[in-house]
Every structure is written in C-alpha cells, then in structure tokens.
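Protein chains: 2
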Amino acid sequence: MIDCGEGTQMQFRRYKIRHSRINHIFISHLHGDHYLGLAGLLFTMHLFGRKAPLHLYGNPELMVLLEMQFRLSDTVLLYPLIFHPLNPGETSVIFEDTWLQITAFPLMHRVPTHGFVFREKTFGRRIFKAAIASLSIPADRYQELRDGKDIVLENGVLVKNSEVTTAPRKALSFAYCSDTGYTDQYLKHIKGVDVLYHEATFMVEKEAGAREKMHSTTQDAARIALQSGAKRLIIGHYSARYDDLEPVLAETRALFPESYLAEEGLEFMVSE
Amino acid sequence: MIDCGEGTQMQFRRYKIRHSRINHIFISHLHGDHYLGLAGLLFTMHLFGRKAPLHLYGNPELMVLLEMQFRLSDTVLLYPLIFHPLNPGETSVIFEDTWLQITAFPLMHRVPTHGFVFREKTFGRRIFKAAIASLSIPADRYQELRDGKDIVLENGVLVKNSEVTTAPRKALSFAYCSDTGYTDQYLKHIKGVDVLYHEATFMVEKEAGAREKMHSTTQDAARIALQSGAKRLIIGHYSARYDDLEPVLAETRALFPESYLAEEGLEFMVSE
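Residue numbers (my numbering), protein chains in the order written: chain A, 1 to 272; chain B, 1 to 272.
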C-alpha cells in the first residue's frame with residue numbers, strides 16, 4: 001500500500017480489502033493526508049492478532065512518531081514491524097526479490113517527499129511444459145532456454161529454442177509521484193513506465209498557486225508523462241475547489257491523451 | 001467535543017456538524033480509538049482558515065505528539081491552540097464561567113485516563129420582564145430577587161418575590177466515563193448527574209476479561225449509575241463481539257432501568 005490517509009481502514013471495509021493481505025506500506029511524506037490513517041491501521045492489525053512481519057518505508061521521523069504512539073498507549077505490537085527509513089534527498093533501491101525491484105526517489109515538495117517506482121524484472125522466455133516432458137529436458141538446462149539459446153541434450157538431440165519456448169510477458173512497471181512541484185529531476189527514475197500516477201492538484205489557471213505550494217498542475221503532470229515516456233497517466237490529489245473533474249481531465253488529455261482520473265474505489269490494471 | 005477517534009471529520013460531514021462550532025476538545029486518554037482523529041481535525045480547521053482559539057484538554061504528552069506532527073508537516077496553525085494538560089492521577093476544575101463548571105477526574109485504566117463532569121451552575125429565580133417594567137425595578141436589585149428575597153423599592157413599594165419571580169430551571173449535569181475498570185473512586189465526582197455516559201465494553205460473562213483489560217461490564221456501568229444516583233445512563237464502547245446489542249442493553253436495564261444504548265448519530269437531550 002502506498003500512503004495511508006485518515007479513514008483508510010474504513011475504506012478497506014467498504015471495498016472489502018483484507019488488511020492481512022498487506023505486507024509492505026510505503027509513506028511518501030508526512031503531510032497528514034498521506035499518513036494519518038497509519039497508526040490506527042497498525043493498531044488494528046495488532047488487535048486482529050497479526051503475526052506476519054510488516055514492512056514500513058518512510059521518513060525516519062515517522063518511526064519516532066509511531067513509537068511514541070505505541071508507548072503512550074502501552075502497546076507492544078504482536079507482529080514484527082520492520083522499518084526502512086527513507087532519508088531526505090536520497091534515492092535508493094528499497095526492495096528487491098526475484099521478480100520485482102522498488103526504488104524510492106526524492107520529489108520536490110515543502111517537506112521531504114519520496115516517489116516510488118515498481119519495476120518487474122525482465123523475464124526469460126517461457127518454456128512449454130509439454131516439451132520439457134516429451135524431451136526430458138533436465139532442470140539445469142532451463143536457463144539456457146530462457147535466455148533464447150538452442151541446446152543439445154546429452155542424448156545428442158538438438159532442441160531448437162523457437163520450437164519449445166515462447167516470448168515472455170513484458171516486465172511491467174508503475175510509478176507513483178505523490179505531492180511535487182514541477183521539475184525534471186525525477187524523470188530518470190520513471191522512464192517508460194507502463195502506468196504513472198502523478199498528482200495534479202490544480203488546473204493551469206492556478207499555476208502560480210501550484211508553484212508556491214509545490215504542487216503540480218494538470219499540464220505539469222501531462223508533461224512529466226510525455227517526457228518520461230509513460231504509457232498511461234493517472235492523475236489525482238485534486239484541490240477541493242474542483243467539484244467537476246471533467247475539465248481537469250480534459251486539460252490533462254489535451255497534452256497527454258492517455259490520461260485517467262483516480263477516483264475512490266476505482267481499479268486500474270497495469271498492463272502493456 | 002469529548003474524544004476524537006479516527007474518522008471523526010468524516011462523521012461531522014455525515015451528520016452535518018460544522019467543526020467551526022467546536023471550541024473545546026476533551027481527550028480522555030491516549031488509546032488510538034480516543035484520539036487518532038484529532039491531528040486531522042486540527043489540520044482541517046487550519047486549512048479552512050479558522051481564527052478562533054481552540055481549547056484542548058488532555059494528557060501532557062498529547063501536545064508533544066501534536067507539536068511533532070505540526071513540525072513534520074511544516075505547519076504553523078492559523079488559530080491559537082490553547083492546551084490544558086490533564087496530569088495523570090489529578091482531579092481539577094478545567095473550565096469555569098458564569099454558567100458552567102467542568103471537572104476532570106482520574107478513571108482506572110491501563111494508561112492515564114480522565115473522566116469529565118459538566119455541571120451547570122445553580123441559577124437564581126427568574127424575574128418576570130413585565131414586572132421589571134411596570135414596577136421600574138432597578139438592575140442593582142435583581143440579585144436580591146434572584147436569591148428569593150422580597151424587596152422595598154425607593155418609592156416605598158413592597159415587591160413580593162413570589163409575585164414577580166418564578167422558580168429557575170434546574171441546573172443540569174452530564175458525566176462522561178470513557179474507559180475504566182470498576183472502582184468506587186470516582187463516584188464522588190459524578191454524584192446525582194442527570195445523564196451519565198459510561199463504557200460497558202463487555203457483558204457479565206466476560207467479567208474476567210473486563211477486569212484484566214480494565215474495562216467495565218454492563219453490570220459495572222449499572223452499579224456506577226445506581227451508586228452515583230445518576231438519573232439516566234448511556235452505555236457505549238461495546239466489544240466488537242456483540243453484533244446484537246439488545247442483550248447488552250437488557251443486562252444493563254436489569255440493574256438500572258433508565259439505561260440507553262449509545263449509537264452512531266443518536267442524540268440525547270440532557271434534561272430533568
């Protein structure tokens with residue numbers, strides 16, 4: 001989960017999301033609308049008897065605040081809370097396994113803020129299970145096939161790669177840029193992502209306000225999408241002044257047609 | 001407002017309560033369900049341009065926590081936030097004006113917790129406006145009439161109290177006992193209140209759990225109501241195990257018939 005505003009727990013109930021399925025929480029920065037639901041969620045997980053470790057990524061002071069809240073309520077969590085500090089101004093790979101790499105990078109806001117980019121690793125070619133069985137291909141030869149090579153088995157049989165594998169699914173990517181003023185400094189981190197979430201607090205008429213408050217306009221978000229080569233853009237974090245979001249979307253699409261509005265409860269699929 | 005759990009702002013919107021009308025907030029203790037909505041509400045008041053002072057009463061560490069949250073979000077509140085510390089274990093009059101006195105007193109819970117009692121001051125007898133006009137009673141004689149005395153005006157006219165005044169409305173009182181184990185130590189503070197809110201987390205079958213967690217059962221709440229001479233009892237803070245609250249109410253009414261269930265959005269009138 002990325003960011004956790006007040007009432008996140010209630011939204012979980014509303015959309016039937018089980019908090020037990022969440023194992024990693026990323027907090028972009030310490031403005032209230034991005035983290036004030038976190039302490040309550042962590043308490044709830046405790047009350048529901050969670051045992052699984054929970055990984056939390058955020059500004060180092062977030063953990064100071066939480067530890068104070070645990071102490072004041074005389075709470076010793078039943079599950080391991082593993083905190084990964086995001087130091088202000090630093091870019092770092094904060095998670096990596098066989099399939100996925102997650103990088104945190106600085107955005108430009110009034111308080112230290114990080115964006116996140118989630119990139120699947122490149123997959124090898126997919127081997128047909130039927131070919132493995134009929135040709136008795138041993139497991140230690142799979143990697144050569146995944147890499148696209150033809151192989152000769154010990155019994156002398158030539159296995160043509162094109163006959164036993166198929167192209168892999170493309171590795172997908174998603175970037176999340178919460179609150180930020182317009183700058184090209186983080187473009188390098190989000191190059192070519194399949195889906196970019198980017199804030200668009202204001203329409204262009206309020207550009208001066210956006211600059212002052214270190215927020216983005218619709219045009220800023222669209223330019224970041226264009227310049228980064230993102231395939232699709234989801235905008236959000238709209239100012240409360242906009243009751244009707246259609247003009248906000250129209251202004252974004254004028255520059256970047258593949259733009260969509262983030263709305264409560266809406267699901268987007270990250271795909272090619 | 002007494003206590004401020006997560007989502008209080010959303011409930012305000014739901015029940016059309018304007019946060020600008022709130023000038024005093026009382027926090028009984030620092031368990032999450034009693035204060036995690038406070039920081040967000042204070043930020044919202046700031047964003048809405050509040051100028052009026054806000055008085056906040058709570059554990060001294062509450063203010064340390066809030067100041068940290070303000071600092072981390074680079075927020076300097078636009079309105080004066082006047083903090084009144086409730087020191088653990090201490091009883092004190094925390095508010096007093098011409099009409100009302102509010103006292104905070106210790107409850108018995110796992111962390112320092114205060115209850116609150118709101119008592120209107122005793123009113124004098126009410127003087128008929130028509131009598132003031134027709135007899136030209138000067139303002140500096142009102143207090144004697146309020147005190148029930150007959151007076152002789154400068155022109156020699158005897159004004160019989162019973163003819164120009166009527167009995168005052170009874171001074172009303174309300175007590176709030178959030179989370180507490182059963183004890184007689186706070187009975188003296190809530191003597192004879194018109195309405196007592198008291199937690200009743202468990203039914204009697206879970207009395208052992210209630211003792212261990214320093215919560216009350218239905219019977220505990222009813223006994224406190226009986227022993228304090230309260231006129232009516234509102235119970236709340238029910239364990240999530242009770243989907244059906246009718247048995248909870250029935251068990252309370254068996255001991256104290258004038259018992260009612262607190263439910264979201266329900267309004268109770270404090271009256272004789």
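Derived by calculation from the structure, the hints in this document are not laboratory data. Keep in mind that this is a model prediction, so the values were computed, not measured. You may find that some hints are simply not true.
Remember, identical chains collapse to one label, so a pair may be satisfied in a single copy or spanning two.
Here are the simulated DSSO-like cross-link-like pairs (lysine-lysine), alpha carbons at most 30 Å apart as the crow flies [as the list claims (entries may be wrong)]:
id : residue 1 : residue 2
1  : Lys-213   : Lys-129
2  : Lys-149   : Lys-206
3  : Lys-160   : Lys-149
4  : Lys-170   : Lys-121
5  : Lys-191   : Lys-206
6  : Lys-51    : Lys-16
7  : Lys-149   : Lys-16
Comparing the hints with the structure gives:
1. Taking the shortest alpha-carbon separations for Lys-213 and Lys-129, neither the intra-copy value of 56 Å nor the inter-copy value of 57 Å comes in at or below 30 Å.
2. Taking CA atoms no more than 30 Å apart as the test, Lys-149 paired with Lys-206 passes in neither setting, with 56 Å inside one copy and 68 Å between copies.
3. In the homo-oligomer, the alpha carbons of Lys-160 and Lys-149 lie at most 30 Å apart inside one protomer (8 Å), although the nearest pairing across protomers, at 114 Å, exceeds that limit.
4. In the homo-oligomer, the alpha carbons of Lys-170 and Lys-121 lie at most 30 Å apart inside one protomer (9 Å), although the nearest pairing across protomers, at 75 Å, exceeds that limit.
5. In this assembly of identical chains, Lys-191 and Lys-206 lie within 30 Å of each other by CA distance solely inside one copy; the values are 28 Å within and 58 Å between copies.
6. Proximity of Lys-51 to Lys-16 under the C-alpha cut-off of 30 Å is restricted to the intra-copy arrangement: shortest distance 21 Å within a copy versus 40 Å between copies.
7. In the homo-oligomer, the alpha carbons of Lys-149 and Lys-16 never lie at most 30 Å apart, since the shortest distance is 46 Å inside one protomer and 68 Å across protomers.
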